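Each chain is listed here by its residues.
There are 2 protein chains.
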Amino acid sequence: MIGIDRYARLSDRLGYRFADVELLKQALTHRSAAKEHNERLEFLGDAVLGMVVAQALYKRFPSVPEGKLTRMRSTLVKGETLAELGREADVGELLKLGPGELKSGGHRRSSIIADAMEAILGAIYLEAGMDTTAEVILRLWQSRIERLDPNEHPKDAKTRLQEFLQSRKLPLPVYEVVDISGKDHDQTFVVHCHIESMAKPMQGTGTSRRKAEQQAARNALEKLDND
Amino acid sequence: MIGIDRYARLSDRLGYRFADVELLKQALTHRSAAKEHNERLEFLGDAVLGMVVAQALYKRFPSVPEGKLTRMRSTLVKGETLAELGREADVGELLKLGPGELKSGGHRRSSIIADAMEAILGAIYLEAGMDTTAEVILRLWQSRIERLDPNEHPKDAKTRLQEFLQSRKLPLPVYEVVDISGKDHDQTFVVHCHIESMAKPMQGTGTSRRKAEQQAARNALEKLDND
Chain W
78 MIGIDRYARL SDRLGYRFAD VELLKQALTH RSAAKEHNER LEFLGDAVLG
128 MVVAQALYKR FPSVPEGKLT RMRSTLVKGE TLAELGREAD VGELLKLGPG
178 ELKSGGHRRS SIIADAMEAI LGAIYLEAGM DTTAEVILRL WQSRIERLDP
228 NEHPKDAKTR LQEFLQSRKL PLPVYEVVDI SGKDHDQTFV VHCHIESMAK
278 PMQGTGTSRR KAEQQAARNA LEKLDND
Chain L
78 MIGIDRYARL SDRLGYRFAD VELLKQALTH RSAAKEHNER LEFLGDAVLG
128 MVVAQALYKR FPSVPEGKLT RMRSTLVKGE TLAELGREAD VGELLKLGPG
178 ELKSGGHRRS SIIADAMEAI LGAIYLEAGM DTTAEVILRL WQSRIERLDP
228 NEHPKDAKTR LQEFLQSRKL PLPVYEVVDI SGKDHDQTFV VHCHIESMAK
278 PMQGTGTSRR KAEQQAARNA LEKLDND
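Protein chains in written order, with my numbering: chain W, 78 to 304; chain L, 78 to 304.
It should be emphasised that the hints constitute simulated quantities derived from the structure, not laboratory data.
Worth double-checking, as some hints may not be accurate.
The list makes no distinction among identical chains, and a pair is therefore deemed to hold if it is satisfied within one copy or across any two copies.
To be verified - Listed below are the simulated BS3-like cross-link pairs for lysine-lysine, each with C-alpha atoms no more than 25 Å apart in a straight line:
hint: 1; residue 1: 300; residue 2: 155
hint: 2; residue 1: 173; residue 2: 145
hint: 3; residue 1: 112; residue 2: 136
hint: 4; residue 1: 288; residue 2: 235
hint: 5; residue 1: 112; residue 2: 145
hint: 6; residue 1: 260; residue 2: 277
hint: 7; residue 1: 300; residue 2: 288
hint: 8; residue 1: 235; residue 2: 246
hint: 9; residue 1: 145; residue 2: 288
hint: 10; residue 1: 155; residue 2: 180
hint: 11; residue 1: 173; residue 2: 155
hint: 12; residue 1: 145; residue 2: 300
hint: 13; residue 1: 300; residue 2: 235
hint: 14; residue 1: 145; residue 2: 155
hint: 15; residue 1: 288; residue 2: 277
hint: 16; residue 1: 136; residue 2: 277
hint: 17; residue 1: 180; residue 2: 136
hint: 18; residue 1: 136; residue 2: 235
hint: 19; residue 1: 232; residue 2: 155
hint: 20; residue 1: 112; residue 2: 102
hint: 21; residue 1: 102; residue 2: 136
Remember, it's a predicted structure, so these values are computed and weren't measured experimentally.
Start from the sequences, fold in the hints, and give me the full structure.
Here it is as structure tokens:
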């Protein structure tokens with residue numbers, strides 16, 4: 078047998094077969110591996126994805142206010158979701174990584190897969206245009222969009238951080254009040270959130286201990302999602 | 078003379094005339110004025126704008142790395158730029174505002190104009206689709222895109238904050254180190270940036286005083302841009 082297609086599962090998942098395999102290869106190339114890497118494609122893919130998902134949510138939820146649409150969109154396009162979709166499409170196995178990254182596991186690898194997924198969407202956009210890319214995105218995200226419930230109370234940041242760490246079998250965060258300033262009824266709390274995998278604590282500020290902790294947790298989640 | 082078109086200048090600037098004037102009116106309606114306001118359209122417009130600008134930058138600067146593209150895009154789609162474009166198109170005079178907002182001046186008004194501009198783009202997208210909206214955006218942004226110089230050193234946050242306040246004839250920010258912790262060679266600085274128009278100081282953290290000040294200035298700029 079000749080011509081076994083190592084991209085078969087990816088094409089299958091995407092519902093799209095690249096005409097230009099070099100372009101696909103570039104989308105799978107991390108900056109540690111070659112000069113022609115996927116970061117610019119990722120920039121493009123991120124924008125197309127954000128747009129297509131925004132439009133889908135706008136249509137599907139005609140009476141949901143903007144704030145909720147924004148939150149739902151964040152959930153759909155965050156690194157974690159992209160990494161899940163990327164894993165389902167074998168992106169992890171197809172990545173081209175530099176020697177330093179080859180050994181990197183866990184969270185770091187997830188974020189590389191997520192970036193490659195965006196780059197793949199950017200590459201489809203370049204090759205086939207907006208309509209085709211929108212079809213691919215809506216197919217990939219369909220079940221996740223259908224599962225969204227705008228009435229579901231959004232989980233607070235501390236809960237989400239705890240779940241994030243638990244799902245990775247990591248120790249739970251430790252919160253510590255490091256500063257309280259201001260007068261009795263106008264106090265400002267500064268809280269550190271210590272996470273074992275992070276070199277430095279994440280900080281939050283707020284008019285109550287609870288608010289400061291939530292902010293520190295939000296900052297931690299953001300950092301974990303971008304790393 | 079009948080049928081004087083109060084939207085003439087806007088249509089002219091946009092290079093687009095709405096078929097559905099009710100849709101345009103909604104795009105110009107702040108949430109303080111009516112239940113049918115422009116926030117959902119703004120959500121849509123923001124996504125379309127981000128996408129069109131990303132694509133334009135990707136094409137125009139074929140060898141500029143992703144980080145710079147991202148920065149250039151932020152400059153082009155930030156509230157200040159949107160408000161400028163909105164003012165040039167008379168959006169300020171056409172806004173429908175609630176009683177509380179009618180008196181609001183200056184910075185607050187700018188941010189309402191910026192949001193309405195995004196909502197107008199969202200409305201064009203709904204009425205006329207992607208290609209037409211992209212044409213409108215590229216025409217409106219053309220000179221700003223042409224003026225971009227990827228080799229220009231991006232101004233640091235403290236400089237930008239100073240320029241922002243000076244251009245509004247506001248007093249300059251005052252930076253204050255409120256905490257230094259850690260050992261000699263691994264210190265963490267916490268800095269407050271006091272701005273007269275802000276009820277609370279903005280905070281920044283960093284491994285040096287300079288870094289902490291830059292972060293505080295960045296936080297202040299972000300807050301000023303979103304308010």
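From the Cα coordinates, with 25 Å as the cut-off, is the pair residue 136 and residue 235 best called within, between, both, or neither? Result: close neither inside a copy nor across copies, 31 Å intra and 41 Å inter.
Is it within a copy, between copies, both, or neither that the alpha carbon of residue 288 lies no farther than 25 Å from that of residue 277? both (20 Å within a copy, 15 Å between copies)
Given identical chains, is residue 300 near residue 235, meaning Cα to Cα at most 25 Å, within a copy, between copies, both, or neither? Intra 14 Å, inter 23 Å, cutoff 25 Å: intra and inter.
Could you figure out if residue 235 and residue 246 sit no more than 25 Å apart (CA to CA) within one copy, between two copies, both or neither? within (16 Å within a copy, 41 Å between copies)
Pop the pair residue 232 and residue 155 into one bin, within, between, both or neither, using alpha-carbon distances up to 25 Å. Answer is within; shortest intra-copy Cα gap is 15 Å, inter-copy 29 Å.
Go through the copies and call it for residue 260 and residue 277: within, between, both or neither, with a Cα cutoff of 25 Å. between (29 Å within a copy, 14 Å between copies)
Cα distance capped at 25 Å. Does residue 155 pair with residue 180 within a copy, between copies, both, or neither? within (24 Å within a copy, 39 Å between copies)
Within a copy, between copies, both or neither: which one fits residue 145 and residue 155 at a CA-CA cutoff of 25 Å? both (15 Å within a copy, 21 Å between copies)
Using 25 Å as the alpha-carbon threshold, which applies to residue 173 and residue 145: within, between, both, or neither? Between copies only: 24 Å across, 37 Å inside.
Treating 25 Å as the Cα threshold, decide for residue 180 and residue 136: within, between, both or neither. neither (43 Å within a copy, 34 Å between copies)
Within, between, both or neither: residue 300, residue 155 at alpha-carbon 25 Å: both (12 Å within a copy, 23 Å between copies)
Using 25 Å as the alpha-carbon threshold, which applies to residue 112 and residue 145: within, between, both, or neither? between (40 Å within a copy, 17 Å between copies)
The structure is inconsistent with the numbered hints 16, 17, 18, although it conforms to all the rest.
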